[in-house]
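First to last, the sequence lines map onto chains A and B.
Read in my numbering, the first sequence has 223 at position 223, and its numbers run on one by one without any break.
Read in my numbering, the second sequence has 1030 at position 30, and its numbers run on one by one without any break.
Please keep in mind that the hints were generated in silico from the structure rather than gathered at the bench.
Small disclaimer: the values here were computed from a predicted structure and weren't measured.
Just so you know, not all the hints are guaranteed correct.
Claimed, not checked - Partner residues aside, some chain B positions facing chain A, computed with beta carbon under 7 Å:
no., residue
1, 1027
2, 1072
3, 1086
4, 1114
As the list claims (entries may be wrong) - Here are the simulated DSBU-like pairs of lysine-lysine, each with C-alpha atoms no more than 35 Å apart in a straight line:
no., chain 1, residue 1, chain 2, residue 2
5, A, 407, B, 1129
6, B, 1077, A, 117
7, B, 1105, A, 471
8, A, 446, B, 1083
9, A, 471, B, 1077
10, B, 1089, A, 471
11, B, 1089, A, 454
12, A, 471, B, 1083
13, A, 256, A, 303
14, A, 471, A, 117
15, B, 1129, A, 446
Using N, Cα and C, we set each Cβ at its ideal position, and we do this for glycine too.
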Amino acid sequence: MNKKAEKEINAKERYTTSGIPLKIYYTTDDLENFSYRENLGNPGEYPYTRGIYPMGYRHFAWQQGNIMGFGLPEDTNKRQKYIMGAGAQSYGGKVGMNIAFDNPTVNGYDSDHPLAKYEVGKGGVLIDSLEDMDRLFDGLPLDNMNVGLIIDTPGPIILAMYVALADLRGIPRSKLSGVVRNNPLARWLFSKTSIFPPKNSLRSMVDCIKFCVQELPNMNVLILDGYDCREVGSTAAQEMAYPLAKGIEVIRACLKEGLTIDDFAGKFSFFLSFYNHFFEEIAKIRAGRRVWAKICSEKFGAKNAKTGAMRIHLQTAGSTLTAQEPLNNIARVAVQALGATLAGVQSLSTCSYDEALCIPSEKAVRVAIKTQKIIEHETGICDVADPLGGSYYVETLTNEMEEKIWKIINEIEKRGGFVKAMETGYLEQELVNASFRSQMEIEEGKKIIVGVNKYVENEPIMYAPFTYNPKTREIAVERLLELKRKRDNKKVEEAIENVKNAACTGGSLMAAYIEAAKAWATLGEIYGAVKEVFGEYREETPIFPRQVKWQVGRV
Amino acid sequence: MGQRKLRVLIAKTGFDAHDRGAKFIAVGLRDGGMEVVYTGCFQTVEAIAGIAVQEDVDIIGLSILTSSHVDVVRDLKRFLEDKGRGEIKIICGGIIPQQDVPVLKEELGVCDVFFPGTPLKEVIERVRKVGNVT
């Protein structure tokens, strides 16, 4: 190829996933009307572009929030102790535990339900009752822990079981710290698992938020998630805009209930992804912080500037991992983790190299934890806050991402807000179109994935899959039978009636859940009771991409 | 004279709702000249067998990411045979370890297993082969 042609190809336009064109280099001209005070602020100062803490990572490094969970509660308990041994820890030396629940639990079903037949204990831990919670947290200090209850629609019920466990162990509720995901609307859009009709979903969310504001001052009440959005195939701007738009909707619902924004919005946190395009991802995070700060303070008039400080838990993007040549994933995750810490996240979950294929093996999860420790202790990242601040490229890209994000939020607001946009299928259509577009880029070789469509080794995909205990379901079912035999079933009946009453009359659902948990009602029984009153939201017809003409880079 | 189009059912079982791949394949096969029926999520295996019979499909494509492939295929075959349609072909995709492929193919008669990253063009060719269509 001659030099001229080569130069032409290299000078071809380049774009980020959100469609932002990239110059060959950036200068002061690109930041002509840029104001340090207004657009950036120092780290820890409104609008938090440079991070939410003035000390950066000098005080506390980010927490190792590697999500995990599988099998019986005692299996997960064992894996938790293993990763603690490998160095995983939460803020201030607390125990951090980020728990994934199995599909039946996530949908509010017990392990003995026929629909759960193939999935008990797969992809997450099973929890059927307060007894299982006791096993899950065996030997772990509930009063010195940051727990992540990563579960949405039945999330409040799981939280109620956690509170009930603390009550039984004599631990004051004020010492309980962590987060409950509590985001049924996310479930609908990104994973099609069970939710209540949108109005009742909001009701369920707000009930839990209210309870936490009153009873659990150190528990965060909601995770607004972009990660799942991204995994479905969205662009970076969509990944940031959707949870922000959802946040607006939930704020409105809470304000209607008589809460003031400074009571609760500071207890929201965000769950984001770190994908391939290194600088777009960093810009996305910095821009997102700025937008959320403006939403809380300017749109909703928060009096305390800290209310709009976006706390971020980030997981390196699972869908960038390849089944081919799994060891390559270590490099991918390291780069993504580095980017996330440069962007200043509070909590980081690094994927394991075999995670494209199975639940992480012990060996692989250890590498994932050590990756974080290497970044923390060997790179000097923790010495200076927001090291990329002031880069012509990064600041310009941050500004352009902010514009894109606002555009999407305003489009959603124009359609009546997140819930209405969800109900009309608009949001899903956008996601499906974006997902299709990104897959076609891979198919057409426009997006290169090393080992998959370029630099391919012709080796079979061999790995030692995670071995599930085949008796998991059997044991769980037996335990349920035993539980139902031992307990006072009349008390359970009354407690379930109370749950239904609370749902009908607008009373406190959380209080009813806690009483039911203490009476040894199962998750399925409690969730079933609420579902009876609230109903279930089902997809009418699946949404497919229309025949959208896609072009690389233009959105 | 056109050949009868190949009819394919794309299905997901139980609570496994990660449908990004399944939807992509469904549209890809349709664009590749087949008639595709998509079951959506939350289907029991029995329901999938029922839909397959009702829609008179040639092939059932199962998308499974929850390690339940062997059990699901075994039960699906049983339900199909009960309905007298044991000849409907089964193919699988998703997350399936290489170790389980012999069990699926030799013991349970699965016609093809697709690993992640298989290019769409190849998927279409291989599905046509399963359906004995050129």
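Tested hints:
1. At about 6 Å, the closest approach between the beta carbon of residue 1027 of chain B and any beta carbon in chain A falls short of 7 Å, and the interface hint on this residue holds.
2. The interface hint given for residue 1072 of chain B holds, since its Cβ lies 6 Å from the closest Cβ of chain A, which is under the 7 Å cut-off.
3. Violation of the interface hint for residue 1086 of chain B is found here, the shortest Cβ-Cβ separation to chain A being roughly 21 Å, above the 7 Å cut-off.
4. Look at residue 1114 of chain B: its Cβ only gets to about 11 Å from chain A, farther than 7 Å, so that hint breaks.
5. For the given pair, residue 407 of chain A sits about 47 Å from residue 1129 of chain B by alpha-carbon distance, which is inconsistent with the 35 Å threshold.
6. A threshold of 35 Å between alpha carbons decides the hint, and for residue 1077 of chain B with residue 117 of chain A the separation of about 16 Å falls inside it, so the pair holds.
7. This hinted pair checks out: residue 1105 of chain B and residue 471 of chain A have alpha carbons roughly 25 Å apart, not beyond 35 Å.
8. A C-alpha spacing of about 46 Å is found between residue 446 of chain A and residue 1083 of chain B, which places the hinted pair above 35 Å, so the restraint is violated.
9. Between the alpha carbons of residue 471 of chain A and residue 1077 of chain B the distance comes to roughly 23 Å, so the proposed pair stays at or under 35 Å and holds.
10. Annotation: proposed proximity of residue 1089 of chain B to residue 471 of chain A holds, straight-line Cα distance about 30 Å (limit 35 Å).
11. A C-alpha spacing of about 33 Å is found between residue 1089 of chain B and residue 454 of chain A, which places the hinted pair at or below 35 Å, so the restraint holds.
12. Pair hint residue 471 of chain A plus residue 1083 of chain B holds up; C-alpha atoms about 30 Å apart against a cutoff of 35 Å.
13. Annotation: proposed proximity of residue 256 of chain A to residue 303 of chain A holds, straight-line Cα distance about 18 Å (limit 35 Å).
14. For the hint linking residue 471 of chain A to residue 117 of chain A, the alpha-carbon distance of about 12 Å falls within 35 Å, and the restraint holds.
15. For the hint pairing residue 1129 of chain B with residue 446 of chain A, the CA-to-CA distance comes to about 28 Å; that is within 35 Å, so the pair holds.
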